[in-house]
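Since the structure of chain Z is already known, use the hints to place chain E on it.
Protein chains: 2
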Amino acid sequence: MSPPRQIFIAIVGTGGVGKCFLDQLHAIAPRFSQSQTAPTYLSLILLARSSKVLHSPDYRSLSLTTWEKDLAASNTPALNPTQIADYLGAAPSKVILVDNTSNQDIADAYPLFLKKGISVVTPNKKAFSSSYALWQAIYGAAGNGSGSGGFVFHESSVGAGLPVISTLKELVETGDEVTKIEGVFSGTMSFLFNSFMPVGGGGGAFSAEVKKAKELGYTEPDPRDDLNGLDVARKLTILARLSGLPVESPTSFPVQSLIPKELESVSSGDEFLEKLPQFDGEMDKLKEEAAKEGKVVRFVGSIDVASKSVKVGLEKFDLSHPIAGLKGSDNIINFYTKRYGSNPLIIQGAGAGGDVTAMGVSGDLIKVLRLLR
Amino acid sequence: MSPPRQIFIAIVGTGGVGKCFLDQLHAIAPRFSQSQTAPTYLSLILLARSSKVLHSPDYRSLSLTTWEKDLAASNTPALNPTQIADYLGAAPSKVILVDNTSNQDIADAYPLFLKKGISVVTPNKKAFSSSYALWQAIYGAAGNGSGSGGFVFHESSVGAGLPVISTLKELVETGDEVTKIEGVFSGTMSFLFNSFMPVGGGGGAFSAEVKKAKELGYTEPDPRDDLNGLDVARKLTILARLSGLPVESPTSFPVQSLIPKELESVSSGDEFLEKLPQFDGEMDKLKEEAAKEGKVVRFVGSIDVASKSVKVGLEKFDLSHPIAGLKGSDNIINFYTKRYGSNPLIIQGAGAGGDVTAMGVSGDLIKVLRLLR
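As given, the protein sequences belong to chains Z and E, one line each in that order. For the first sequence, position 371 (counting from the first letter as 1) is numbered 371 according to our numbering, and the numbering increases by one without interruption. For the second sequence, position 5 (counting from the first letter as 1) is numbered 5 according to our numbering, and the numbering increases by one without interruption.
It is worth saying that the hints were derived from the structure and are not from the lab. Be careful, since some hints might not be right.
Identical chains share a label here; the pair holds if one copy fits it or two copies do between them.
[What the hints assert, rightly or not] Simulated crosslink set (SDA-like; lysine to any residue; CA at most 20 Å straight-line): (1) K115 to P3; (2) K19 to E177; (3) K180 to P254; (4) K308 to H55; (5) K116 to Q36; (6) K169 to R370; (7) K338 to G175; (8) K295 to S50; (9) K338 to A352; (10) K169 to P30; (11) K338 to I28.
The following block holds chain Z by itself, in its conformation from the complex (with noise of 0.2 Å):
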């Protein structure tokens, strides 16, 4: 039996994985402070959301069951992401921190927190789909990584909880050779195409099935940042980096984007959405053509590992292929590899929405409590 330890958890965003984060962790805390060998005591000391933070100087444990109305009471004002680092830095015990926002100034600290020991887990892609640099700044801090700092670990970040980048990691670590992955990386895409052109037929028109995915909250805010291809272009960034290709950022590949020129700059996304019939005519051209060869039209990404080449956009497929068949706003990924052969290894399930991202969050939380030492 080991003795008892304490690990302290800091969490930054209470949107909808937050909320659904926090829920978890107060499911499975207690299953490690009751372990038989080796209990663990999980104590939050810090939570924040954008505008305040709730924390105390002598790293008291925040309330797990009432931290929505005490954060609610809170009066400090948020902290940066160095005042955090600080903070964390100096506590008496290990830290994870998790961040559950997809802020471009928290990921930009991340090699800060790493290099003073603290762990990081995390869904915000853009710590690992902006440039190059920090990808290496982050891995060559983590102590899974070329440093020796805290552990950094990111499923959500493609796929949500989906077994996407550790199995990646375990094919490439074993020794396999990675030829290829294609799939549908999002699930507003899924939704939009597997509506549009289902396999049996059928579909309305282009924009009626944008302004349902909307209505049905399957789409951002402003659809754009959806039909702009970018959050697909990330996911991508962040599984050809992992397969070895030194991608420098998410706009350095061909994306295709399926906002029409001439709406990129309409001012709001309900403008958008009354203007997008007008362009109806050119997808229901695609889809007619797709139909004719014996198709259907989906928007993939693809990693050629072999000639470096990497894309999103709009492709055909038969109607027997796995990516044609998918359902709902269900996320598919195909892993081709030399060990694999010919079939390739497919991974396939939710990929958007609080509970399983939050739940890919939480396994790699608990993978860093098994390393922390």
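Same frame as chain Z, but now just chain E:
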């Protein structure tokens, strides 16, 4: 930078998986020894097959390049599991035992190894699918169970290198509620039924497909060892136990055998294959029935967690179901959970073969290397 450390590796079994694993270990070891921040020297100190063993009293390192010749030249007769445990238990560094056999005797000794602080990584299904008492003894002793001994990992005991066990463990550990697991868990059965009744129509007589599968190396030497369903039942036993069901053994729930009663006791696999065509009528009838309903027949295993029901056998599936569309000898595993809702989390790909099975073992070895302190 951590000080360099030495980890000893012992390997039992040098058959198809064993050979592939030795190749992978040879490729992986230099990366660990050359780590800038935490160099780990992996030394092979014992190599055993059923008839003989290679090891030295002073734990000298064996060669990863000439092991085959060296083992062939060894005159030391095989050690029994207790002798191996004594030898490894007295080693001056931490030891990881890699069991690449499907031997019950060595599986029975896992609790002994683990209690001595020896970690175990293995594709050996028998260790985790025999009596529930053995399961409890293994996880009761292991450092990643409720004990304080060595670590145990067995990803390749289900679906070879596919991330099936790690995914199920993470679903459970992060607090998701697994409601149902359903899939095709045998490469042989997958190949047989994808050929016997492909989605597009066609396929030969069942006995002819069994013969073809045997010729292509997809079956055991005696195909009845696949057709009895026990291999699938063992995998289901493992997944059910990981889901929290205390399944007593792989024969404690309904398992449909595809061996006609009359052929159960014929003396050889060859005689079985010769007489199997007499029973093609039954399988043809099943096929016709399914076709009339617009479905296909597949050999699947399923676990209904709420009703604690586990079963293995033939089921009919709609043509659009992911299980129907499987290709070649691929496995597919569908996890239905509370968080994932109506669309399951799906893992699919090759679930048999030396290289992908060894990959799961190598991945587990790397996990243990990270956990060992």
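> When no copy is named, should K338 and A352 be tagged within, between, both, or neither for a Cα gap of at most 20 Å?
Replying inline: Intra 30 Å, inter 15 Å, cutoff 20 Å: inter-copy only.
> 20 Å Cα cut-off: does K308 pair with H55 within a copy, between copies, both or neither?
Replying inline: neither (46 Å within a copy, 45 Å between copies)
>> Checking an output row: K338 and I28, CA cutoff 20 Å. Within, between, both or neither?
In response: For K338 and I28, only the inter-copy Cα distance (16 Å) is at most 20 Å; the intra-copy one is 38 Å.
> Taking 20 Å as the upper bound on the Cα-Cα distance, should K116 and Q36 be classified as within, between, both, or neither?
Replying inline: between (31 Å within a copy, 19 Å between copies)
>> As a check of your reading, is K338 near G175 (CA-CA no more than 20 Å) within one copy, between copies, both or neither?
In response: within (10 Å within a copy, 35 Å between copies)
> 20 Å Cα cut-off: does K180 pair with P254 within a copy, between copies, both or neither?
Replying inline: Intra 17 Å, inter 41 Å, cutoff 20 Å: intra-copy only.
> Using 20 Å as the alpha-carbon threshold, which applies to K115 and P3: within, between, both, or neither?
Replying inline: between (26 Å within a copy, 19 Å between copies)
> Is the C-alpha distance from K169 to R370 at most 20 Å within one copy, between copies, in both cases, or in neither?
Replying inline: This pair counts as both: shortest intra-copy Cα distance 18 Å, inter-copy 14 Å.
> Is it within, between, both, or neither for K169 and P30, if the alpha carbons may be no more than 20 Å apart?
Replying inline: between (30 Å within a copy, 18 Å between copies)
> Can you tell me if K19 and E177 fall within 20 Å by alpha carbon in one copy, between copies, both or neither?
Replying inline: between (39 Å within a copy, 19 Å between copies)
> Under a CA distance limit of 20 Å, which applies to K295 and S50: within one copy, between copies, both, or neither?
Replying inline: neither (46 Å within a copy, 54 Å between copies)
The structure is inconsistent with the numbered hints 4 and 8, although it conforms to all the rest.
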